[in-house]
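Following the hints, complete the assembly by docking chain B onto the known chain A.
Number of protein chains: 2
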Amino acid sequence: MRINSGDASVFTQPTAAQAADTRRSIRQYESTPIPEADLRELLRLAGRAPSAYNVQPWRFVVVRDPELKTSLSAAAYGQQQIVRAPATIVMYSDMDSALARMPESIHPDLPQDKRDAGVASFRATFDNQSVAEREAWGNAQSNIALGYLLLLAETLGYATSPMLGFDPEKVKTLLGLPEHVRIPALVSIGFAAEEGFRPHRLPAESMVEFR
Amino acid sequence: MRINSGDASVFTQPTAAQAADTRRSIRQYESTPIPEADLRELLRLAGRAPSAYNVQPWRFVVVRDPELKTSLSAAAYGQQQIVRAPATIVMYSDMDSALARMPESIHPDLPQDKRDAGVASFRATFDNQSVAEREAWGNAQSNIALGYLLLLAETLGYATSPMLGFDPEKVKTLLGLPEHVRIPALVSIGFAAEEGFRPHRLPAESMVEFR
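Quick mapping for you: the protein sequence lines, in order, are chains A and B. Here the working numbering is used: the first residue of the first sequence is 11, the next is one more, and so on. Here the working numbering is used: the first residue of the second sequence is 11, the next is one more, and so on.
Bound-form chain A, shown alone:
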């Protein structure tokens, strides 16, 4: 297992900075499966991402079953990396669940009256929104964890391919997900069997201004 190996000769983790520079999307994968413990640890770590109100609206379905991968690929306009990769993570955002679980999400070190006030204020904010509005908000928050997931996977030796090209209604039906949820991305994951395109970005200095 790569993630918990302390043996540097087997696998030395790049720094997060190195991984940010080298990461690229990969669409061809070795057939080698990923140990379930590695996937669980990766998703646990992705879930360490911060979110507003500590709401943690993200949920994950890891698809490994060959038949289900084929159906998921069909719901993603036939993208073949879903069939090729040993696993594809269907990330979804579920604000109904997040709202229901706020008493669990709010920090246990706060005094009880502040916890109660926090839960009430959070619910009041979202009770005034339509389902679509609050799910859009949860979807955006989930992308913070998606950033964590993609960068962490790279440092742990796994290649990924995040995808937005899919029919969300078909994916929900296939996996039996509730109608109200939003799917920020599908992420195929495995060991790379191609080099992929070198990363290309706009010049960093054109994106930043100092005041």
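Keep in mind that the hints are not guaranteed to be accurate.
Copies of the same chain look alike in the list, so a pair counts if it fits in one copy or across any two.
[Stated by the list, open to error] Straight-line C-alpha distance at most 30 Å; calculated DSSO-like pairs for lysine-lysine: (1) K180 with K124; (2) K79 with K124; (3) K79 with K180; (4) K79 with K182.
Since the hints were made in silico from the structure, they are not lab data. The structure presented is a predicted model; accordingly, all values stated were derived computationally and were not measured.
This is chain B only, laid out in the frame that chain A set:
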């Protein structure tokens, strides 16, 4: 400078996995300024995050001027970490700019006809959307880079405090940002001068399902 130091006795970077586990929001900062080169490198690395169509809608304004920090804090309901931190990064998403720059964003290794088709298809997608719709989409994509930024800052020895509590119109007016942009977060950054709350998350196994 911490980021490019090769001297492990000065600063050894934690792995991304360690940083994910230890990172917490910090609201008290040392007054020590952050070298501008470190901020530039951090934002360059955050901008390595992937985005759909490689659109890179995120832009950054780094606020360091004391008077401007005070005004920014006022636009963020008086949150004091903006005054205390040596810098606050105002991250914003600008789909107008991203659309205009698509010919630059699309991968230079693609043949010219595919580049042209990619730009046309991207613009066609967003031309059919309202400004609000496409900015909401760009805002969500920008949160992938926000995840990168927060995790990278932690590995580089910097504490952060991401904030959603601000009046976006006031922030835009203050910084002279265009009306159409969206602001996914303000992020105060500096050296921690408090321990902060221990991170608290929902049990990871309750967020993941295997199929």
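To see whether the hints hold, each was checked on the structure:
{"no.": "1", "hint": "K180 with K124", "verdict": "between (41 Å within a copy, 29 Å between copies)"}
{"no.": "2", "hint": "K79 with K124", "verdict": "between (45 Å within a copy, 29 Å between copies)"}
{"no.": "3", "hint": "K79 with K180", "verdict": "within (13 Å within a copy, 47 Å between copies)"}
{"no.": "4", "hint": "K79 with K182", "verdict": "within (14 Å within a copy, 45 Å between copies)"}
Of the numbered hints stated above, none is contradicted by the structure.
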